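Student: Given the structure of chain A, go ahead and fit chain B onto it with the hints provided.
There are 2 protein chains.
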Amino acid sequence: MLTKEQLFLSACIDEAWSFQGLTLPNPAVGAMIIDKNFNILSIKAHQKAGDAHAEVLALLEAYEALTQQKTNLTDPAQIHEFLSTHHNGLFYDKTIFVTLEPCNHYGKTPPCAKLLSTLKPKQVVIGAQDIWGQSAGGSARLKEAKISTLFLDSKADIKRATDLLYPFMCLKNSHHFNLFKLAMRINGDYKSGIISCEASRIFTHNQRTIATSLIISGNTIRHDSPTLDCRFATYAKHNPNIQILTKDSSLQNLNALRNAPLFAIPNREVLIAHSPNDLILDSGYNIIEGGFGLFASLSHHIDALLIHISPTLAHTQILHSALESIHSYKLEFEILHTTQCDKDTLLWLKPIRS
Amino acid sequence: MLTKEQLFLSACIDEAWSFQGLTLPNPAVGAMIIDKNFNILSIKAHQKAGDAHAEVLALLEAYEALTQQKTNLTDPAQIHEFLSTHHNGLFYDKTIFVTLEPCNHYGKTPPCAKLLSTLKPKQVVIGAQDIWGQSAGGSARLKEAKISTLFLDSKADIKRATDLLYPFMCLKNSHHFNLFKLAMRINGDYKSGIISCEASRIFTHNQRTIATSLIISGNTIRHDSPTLDCRFATYAKHNPNIQILTKDSSLQNLNALRNAPLFAIPNREVLIAHSPNDLILDSGYNIIEGGFGLFASLSHHIDALLIHISPTLAHTQILHSALESIHSYKLEFEILHTTQCDKDTLLWLKPIRS
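These protein sequence lines are chains A and B, in that order. Numbering that gives the first Met the number 0 applies: residue 0 is where the first sequence begins, and numbers increase by one. Numbering that gives the first Met the number 0 applies: residue 0 is where the second sequence begins, and numbers increase by one.
Hints are computed from structural coordinates only; laboratory data are not their basis. Mixed in with the good hints there might be a few duds.
One copy or two, it doesn't matter: identical chains are merged, so the pair holds either way.
Stated by the list, open to error - Capping the alpha-carbon separation at 27 Å, the derived lysine-lysine pairs in DSSO-like fashion look like this: (1) 3 with 342; (2) 35 with 190; (3) 342 with 107; (4) 154 with 349; (5) 190 with 158; (6) 171 with 246; (7) 113 with 142; (8) 3 with 69; (9) 180 with 190; (10) 154 with 342.
The model shown is predicted, which means the values in this text are computed figures rather than measured ones.
Okay, chain A solo, but in the shape it has when bound (with noise of 0.2 Å):
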């Protein structure tokens, strides 16, 4: 039976989801604060490295909603001091869900337990532990300044707290999250001109400022020139690195891809690649960007599909021939999440390994 607390934390892990792949190297973590009544004053996520935490952004909203006043605070150290001197018992009563165990150490952001420790809110819910050495330790410091802490912990409640983790997990353990994405419409076709929406699309660019590298095949320089820019991010913006697949090394076609519009965007460095094996796919986070076939050269170095499925149909021809060659692949995934994007649906897939 579905418990309040799930709830209220499904909430929260459906609004992380909705930043994931843009927090990295941190993790995707969202929080709200709820009033003794139940009233939901404040539901956030943790938006980008460097920015304030999930939590702590959701206790400035819930303090500006309980004092009906605007800080306009964006640095996470003032947030953290502003929040410790004005609170004023505003949170004695309150609790605090938080999709991720809060992190106890000076990172880019000085500790979320010790902020919690002063404003003493009544109970913290946490879906997942933080077992990362230096910033764990989160709710013993909760338990000492003698707050209720409560780790949800059935079998599917961790299993949809770790889900959240996993691109974070992945970069921490293996030091890469080699992620492929592609739009496509509701009969597969993802080849025929624009097929995502406007927020689909400035999800992508916000996605591009943070990644180490995009990679992309030959094939897709020569059919859509692209720029490959993140003329769209609503983050600041960064053009990503481009590594090129291309098997053909002919000085005909590696002056062809020369030619291309990305090249002339300026700050970027581009890897020209003519196997799998000289890409550089054991470090960073890496996002994919192609059709099946790429797909398919890459399938062992893919950590996660992101899949942008647009509501529309369109004649076209699509041929998954390149599948072929990847027998030894077995072609299962799992589905994380499913995260709507506007009109988009975001499809969020783990490969199973056999």
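Tutor: Positioned in the frame of chain A, the structure of chain B alone reads:
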């Protein structure tokens, strides 16, 4: 800002979508009972026309949870009678969430508004208004019984509650609900072997037990030799009537079709049509199972699409040239809902007519 009422009602809406297409000609409805501390006592959906309504199932489950007593009741009239005489004031401090205004007439079951007027919960929170004549007036009846009622009435709330009623309203307003159903892999492949997970197949076979007819193409019969029965159904088994669309009216083709296994299924009518105009599409709940060729032929008659997305890949050739014939049809949809059905994701789509 998300409210707690929206959050609780959303959970009811999600629960109801799990039975979407299985309740016709009744609407899909979900309901939840919470106690004064917001603990969730039950969450239930209406499952099948003739069975108890969502709020009645939720009340019974809450009663059983509160009294630690199993009733094993399933007959709607018996549940109404039992709760009316045994409630003992248990619901006076409870809140009921229900996605559709409780019915107020004797139809296949006694009126839910009558039962609620007897049980006297503290509050009834409602998604959509019942505007369908004979069953309407439930909330007025609750108010007469001095029960607080709350309609969620933001534009987004009304849309979510109304989207849930879409198949029901198609049937109510235009006398037909023509659902195009397709199972596909994440690369758009819908042709290679068994694609759906077991839970998806049970769902599809349950749908067949209540459908007026199943519509398929002659091609599907020739390639797949399906029986189109409901052997996996958990609902009372009832094999659907079949309508076959085949352009080829030669005696040879007709004889070949008539030898197909689906004709061996007892108690079934089979109609063979050589043009979409010869199909019966203007009344009843018709499920069209086929590829995008059949979709193209019938696109003007299709009220909704249901795509079962299997998180798998397979190498296959898909030719969508059939879609070229439907230039006049604007190939855009609105995603009504995504539902997880074990491993598969179900996408419910509504055509946007230009």
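Student: Decide, hint by hint, whether the structure agrees.
Tutor: To see whether the hints hold, each was checked on the structure:
Proximity of residue 3 and residue 342 under a CA criterion of 27 Å is satisfied inter-copy only: 25 Å between copies versus 29 Å inside one chain copy. Proximity of residue 35 to residue 190 under the C-alpha cut-off of 27 Å is found in neither arrangement, the shortest distances being 52 Å within a copy and 54 Å between copies. In this assembly of identical chains, the alpha carbons of residue 342 and residue 107 never lie at most 27 Å apart, being 35 Å within a copy and 38 Å across copies at closest. In the homo-oligomer, the alpha carbons of residue 154 and residue 349 lie at most 27 Å apart inside one protomer (19 Å), although the nearest pairing across protomers, at 35 Å, exceeds that limit.
In this assembly of identical chains, the alpha carbons of residue 190 and residue 158 never lie at most 27 Å apart, being 35 Å within a copy and 32 Å across copies at closest. Taking identical chains as interchangeable, the C-alpha atoms of residue 171 and residue 246 are never at most 27 Å apart, the minima being 32 Å within one chain and 59 Å between chains. For the identical chains of this complex, residue 113 and residue 142 are intra-copy neighbours only, at 12 Å inside a copy versus 49 Å across copies, given an alpha-carbon limit of 27 Å. Taking the shortest Cα distances, residue 3 and residue 69 sit within 27 Å of each other only across copies (23 Å), while inside one copy they are farther apart (30 Å).
In this assembly of identical chains, residue 180 and residue 190 lie within 27 Å of each other by CA distance both inside one copy and across copies; the values are 14 Å within and 24 Å between. For the identical chains of this complex, residue 154 and residue 342 are inter-copy neighbours only, at 17 Å across copies versus 32 Å inside a copy, given an alpha-carbon limit of 27 Å.
When the structure is compared with the earlier hints, violations turn up for hints 2, 3, 5, 6 and for no others.
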